[in-house]
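Guided by the hints, dock chain A onto chain S, whose structure is given.
2 protein chains.
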Amino acid sequence: YKLFSKTEKSLVSFIVPTFLLIIVFTNCVCTMLDMIMGHHHEALGLHYVMFLPTLYSQCDREQSKKWLPLATSFQALGTYAQTELGHGTHLRGLETTATYDPSTQEFVLNSPTITSIKWWPGALGKTSNHAVVLAQLYTQGKCHGLHAFIVQLRDMDTHIPLPGIDVGDIGPKFGFSEVDNGFLKLDNVRIPRENMLMKYAKVEPDGSYLKPPSAKLTYGTMVFIRSLIVGQSAFSLAKACTIAIRYSTVRHQSEIRSGEPEPQILDYQTQQYKLFPLLATAYAFTFVGQYMSQIYHRITGDINQGDFNELPELHALSAGLKAFTTWTTNSGIEVCRMSCGGHGYSCSSALPDIYAEFTPTCTYEGENTVMMLQTARYLLKSYKQAKAGQQLSGIVSYLNEMEQRQVQAHPASARPTVVDINDLSNLVECYKQRAATLVDLAARSIQQELQKRRSQEDAWNNSAIDLVRASDAHCHFVVVKLFTEKLSEIGDTAIHAVVSNLALLYALHGITQSSGDFLQVGCMLQISVRIKELLCQLRPNAVALVDAFDFHDKKLKSVLGRYDGNVYENLFDWARRSPLNVFVDENYFKKHVFSGNELFRPDL
Amino acid sequence: YKLFSKTEKSLVSFIVPTFLLIIVFTNCVCTMLDMIMGHHHEALGLHYVMFLPTLYSQCDREQSKKWLPLATSFQALGTYAQTELGHGTHLRGLETTATYDPSTQEFVLNSPTITSIKWWPGALGKTSNHAVVLAQLYTQGKCHGLHAFIVQLRDMDTHIPLPGIDVGDIGPKFGFSEVDNGFLKLDNVRIPRENMLMKYAKVEPDGSYLKPPSAKLTYGTMVFIRSLIVGQSAFSLAKACTIAIRYSTVRHQSEIRSGEPEPQILDYQTQQYKLFPLLATAYAFTFVGQYMSQIYHRITGDINQGDFNELPELHALSAGLKAFTTWTTNSGIEVCRMSCGGHGYSCSSALPDIYAEFTPTCTYEGENTVMMLQTARYLLKSYKQAKAGQQLSGIVSYLNEMEQRQVQAHPASARPTVVDINDLSNLVECYKQRAATLVDLAARSIQQELQKRRSQEDAWNNSAIDLVRASDAHCHFVVVKLFTEKLSEIGDTAIHAVVSNLALLYALHGITQSSGDFLQVGCMLQISVRIKELLCQLRPNAVALVDAFDFHDKKLKSVLGRYDGNVYENLFDWARRSPLNVFVDENYFKKHVFSGNELFRPDL
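As they're listed, the protein sequences go chains S and A. Just so you know, we're using our numbering here: the first sequence kicks off at 348 and counts up by one. Just so you know, we're using our numbering here: the second sequence kicks off at 348 and counts up by one.
No lab work stands behind these hints: they were computed from the structure. Warning: the hint list may mix true and false statements.
Since the list gives no way to pick one copy over another, a pair counts as held whenever it fits inside one copy or between any two copies.
No more than 30 Å apart at the CA atoms, straight line, and that leaves these computed lysine-lysine pairs for DSSO-like [to be verified]:
(1) K904 <-> K532
(2) K546 <-> K413
(3) K621 <-> K728
With the rest of the complex left out, here is chain S:
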């Protein structure tokens, strides 16, 4: 590999802490489990990630005394059963019921319909003997919405399902094949009143209901998990880039100049154009993930002081960025895989696994389109406040500037057309203007719908495409802004130069990908020429930039992405060790295949 010579080491030292932070946050549980328990952590993943934390945060004192010792000693193995066959992101639609019976002081749990069967919870199919079940609480003839209940599923000794519990595996999936995602059908399952998690809401022995003190408390967890997913995006994309870029210096193919040896495929402009913008994206998302966890921890401090001011902005931002980063990473991993040619399809590249493991993030913890629309709701609310003359603070404050600018009649024509495309602050400004324009467009679309006498809800749905575009532009602006701000923290000038080029490539490439939007706000120049120059400038440091992610070969698990570049010999070696290549009885073929001509039987 070409190395980053003197500056590499300091680049590593700059990136590594950033990355460690991400790793700590995104993979904390997995890494912990990896260390403690080897590779078979999946079946117990939900016990650590959802069951235990729920007990810790929602048990009252009595409940903690009973359940925590059982759970931490693994006598009670648990999972978290929320989604149902017919219901996912829209929580209010869940159908499972928990009806209080004061005569026995028990809750009676039921799955009243096919669509109400719990579906997807990990570790439910085979592993768990308990679950936290989310159900609509009915007491004294009234429904009080979703609450959490501890339900024992299986005998703690024999592991046989208890009466009324129909539980099993939901069958094979794309990715996560190791996890026993399960179903759970409840038929008049009775649990003691004390099994409702009662730290906040309560049901008294007589059946009277006490409301929780605040509804905002659940926001924090969602924000936390979504910010972890942003970090996970950076992490997965960095892995994929590491493999593809390293392998692109090992693989030689075709010819650029006739008669000369086959060049490294990373010397092809098209290959650089596939991979370098993704590399820049991996860096960008790393910084965004870092920012998200910092701000989360700062705001958590505020929340503990009773200050909820910044929570709505963070909540909206985490939703949009979760969608923005997972979508980009999802398609980016596949670009990396396909950029490795045929060998990218081999599991030896690790890329198929990286994709299959990553892709569910686009759906879980909030389906991406729904997430984008959540962010849009916040943007539109802020837009209205700005229109009403309110001074906005935080990231959406640009909506105020737009308001001021609109005093001029035609902002687009009045704006200077000369944009210095090498000045990142100029580009941040372009992204900001684009975001403001698209928020404005979405708001106008809703306005037009309302003028056609549509209801508020229909106007919203009929403008949903524009709303998603506005959220996307907002998130893109935030990412470019954070990447740019990060540069000021880099002291070493050589590293600063390289990372600045990455930031520039990220910003300019994004502009060309949505060139229509940017043309409308007046910035689009010789960008494509500049992008080609940047590809050339980044080429010598490309491998160093992925080495700086500092993935150990054991973590990367990729023959194509090996640090030492010794790909082909190890690929041959890896294939030889495949189970299909271990000793085969020499008479196997004759005995089992040719005898009776089974191979050609029509309905084998």
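What follows is chain A alone, placed relative to chain S:
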């Protein structure tokens, strides 16, 4: 489902023949095998698709007499060994050697390096006892390039590999898990002179070499296979759309208007915006696939008459369209999968398999970027001819128009800015202008590079991004043109109206996706509003439009995409039948998991 009422049946009758044609071409071999041999055709797929056809087309009379009976009786089970560990699309780079030894009248085959090991051929790992091996032919001290040799790999009786043959499976892959893709290392393997396929090129007993009569003969097969892949794209995308659109009418979620029941998710504008452009694309690619096979068969007739005139255009078009349609379909399938929410990840949706089986088309039979550059080479050649005043015919003739138009100084400003966005011929014109502009831009980029005194080859590589963009625009223009032309064949006015809306959506959506390009050629108006109207107009017929693809439930193999819409019950049923849910020894858990506490051992 909402049905297409009266017109549905005639829509089916219009689409079905089109689709049957595609199916016949794309799945001919698979379907045949399906019928003859049940589902276990994969291991013999290569025998039918590559080994037998190669024998038929490249054996001389003597060889046919010997090999065809062996192969058709399945005594010789064969595959086609071309790609190597270090070499794929660039055929000239292959390293396997076949050196003629006149003293024994044998060829000696060798894998001289690690990178020369044959890698990826299907059915090589375990199934085949013979292979057609592509190798560099050396005789009388000279290399004559790649030729095909029949090499026996295994004993035909015991199936044990012969001396000098190191053969095995290459290990797990993304998709194609049933196929034993293999490796083959040759160590001084001697085969008789008669095992070189000698219909065209020959080696005489004394070692003298006779050249084949024409090099163009191999073009035909490549064109044929690539046009099949275009049809396969249509087929796979149609399947994915059928599943996603049907399921989107079964799934209810959230609320549009508060208090009303949860709507079908297909009523959300964002869901329509994900799926309807893909539905339109599936129709578009169906017509393109149909066109490709028609033109292939017409030109094949010409070739048999010795007329090679149209072959270069078809060759260039098939390369670009192969890349264009497979890339679009590849990402489209994933959009369909994710549009089904969580259940899209379940194998019960069939979408994970559709993706894993389809995605290799982006790489095999010519890596897509290389394909795009092949088309670009033809476009640039045509562009130069047009510049030189030559009158072009066929699909590239628009490059002549551009030449004429450039007599005006500023074509963009001279063009009328009012484009009727409901007139498809107008939109075809926009796509044509965009293609012409991007071909021109790529040519100028090369020119500028040459002016910087770069070599022709470097100028080409330094303009590769522009060249790929030009090819992409050319292909997009061809697809819009063919879709538009197809409309004139539809007699029924109701069907014409619906399919016209699909064509319009395809064209307009494409414009918004590359809005920068289209703004530069002067056409971009109230397109996004029109797209939203089209989504509404297509909504009532969406299910009918996928039903018209006429996939039988047995072919679709998707619980989510069932024709009868009875999804949830069948999903529960499907899960129950999963191997993990069949009878489990009630003491299993206690005996094997808890005893010895294996579950928690660190390095299980």
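Going down the list of hints, with the structure as the test:
no.	hint	verdict
1	K904 <-> K532	between (39 Å within a copy, 26 Å between copies)
2	K546 <-> K413	within (14 Å within a copy, 83 Å between copies)
3	K621 <-> K728	between (38 Å within a copy, 26 Å between copies)
Figure legend: structure checked against the earlier numbered hints; every hint is met.
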